[in-house]
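Colleague: Sequence:
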Amino acid sequence: MGTTDPNRSSAVRLARGGNDRESASSAQAVSAVLSHRCDTSLQRQPARSAHADNPKSDASTDAPEYFSTLISLQKTRTVMFRKIIVSAAAAIVFPLPTLAADFAFQPGLSIKGHSVAQLSTEWWQWAMSTPSEVNPLRDPTGANCGTAQQGAVWFLAGGFGSSKIRRSCVVPANKPLFFPVVNMLYYPAKGNDTYTCEQAKASAALNNESAVDLFVELNGFALDNVKKYRVASEKCFDIFKRIQPEQRPYEAYPSASDGYWVLLKPLKRGRYTLKFGGRYNQESTDYGHMIQDIEYELIAQ
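To convert, note that position 112 of the sequence shown is 112 in full-length UniProt numbering; the numbers rise steadily by one, no gaps.
Derived by calculation from the structure, the hints in this document are not laboratory data.
Keep in mind that the hints are not guaranteed to be accurate.
[What the hints assert, rightly or not] Derived DEER-like restraints, expressed as beta-carbon distance ranges:
#1 D193 x D286: 33 to 43 Å
#2 E283 x P172: 34 to 44 Å
#3 G270 x A152: 16 to 26 Å
#4 A222 x A189: 36 to 46 Å
#5 G108 x P249: 27 to 37 Å
#6 K190 x R271: 14 to 24 Å
[What the hints assert, rightly or not] Here are the simulated EDC-like pairs of lysine to aspartate or glutamate, each with C-alpha atoms no more than 20 Å apart in a straight line:
#7 K164 x D286
#8 K268 x D102
#9 K190 x D102
#10 K190 x E251
#11 K112 x E234
#12 K227 x E217
#13 K227 x D213
#14 K241 x E251
Think of the CB as a built atom: it goes at the ideal place given N, C-alpha and C, for glycine as much as any other residue.
Whole structure, please, built from the sequences with the hints as guidance.
Modeller: What follows is the structure, given as structure tokens:
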């Protein structure tokens with residue numbers, strides 16, 4: 001993530017499954033062959049006369065043996081057919097569990113009365129409220145992804161500045177997940193009381209028009225048109241507001257954020273791979289070529 005002081009981001013794809021038409025055709029062909037063999041076997045059974053060597057025999061005495069042979073052949077055919085079906089099924093590639101392409105909420109949606117712009121403010125205040133040693137944005141493994149989580153939405157971290165990070169994180173299955181794909185934050189230096197809110201917003205917007213190669217993927221499914229997920233602060237805020245007053249460095253107003261934010265729908269229980277990121281492509285001294293490349297293994301439970 002770029003901040004005039006750092007912040008940033010996220011991603012999404014999914015895997016699809018296979019086709020069993022060819023295996024079903026093979027099974028049907030085998031069934032036809034077995035039917036033919038069964039019929040010809042019956043035809044080869046010797047005809048038994050009711051008047052053969054034993055004058056006391058009649059057709060009714062041969063019927064049980066005939067039907068016993070027929071049932072035996074049918075059982076053999078059924079067993080063989082089942083074996084063929086099992087063999088054919090073993091060759092089928094069954095589809096993995098998949099997600100619909102609408103795994104993210106549309107831009108402009110509010111959750112529990114909180115707009116995405118408000119969530120972006122809360123995300124930044126969350127990100128700046130924890131010490132460096134347990135800060136989720138500085139975490140290389142995901143061990144601290146649950147730090148200071150609260151409320152109806154679960155926050156996922158990107159990284160400060162240009163970052164390529166792979167993390168594993170246990171997340172609740174009943175909560176939306178919120179993260180920045182790539183974004184910028186501006187907050188004033190201590191003692192700078194002359195900056196206005198409009199100036200802060202302009203500084204945060206600095207690189208976002210140049211954002212390219214934006215991506216969000218969940219299990220291999222890509223989110224369409226990530227550009228439409230751009231969100232800027234509606235109101236300026238104090239980035240340190242969530243820190244206890246006695247520990248707060250100073251009042252950092254006006255702070256402002258601008259970037260690309262995604263709100264994932266709650267995941268069902270299971271494992272997921274989430275990828276997100278992008279880059280800025282602007283000649284500037286403030287994160288003009290910042291890159292985010294973030295991957296999460298998510299365990300929803």
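Colleague: Tell me, in ascending order, the numbers of any earlier hints that this structure violates.
Modeller: The structure breaks hints 1, 6, 9; every other hint is satisfied.
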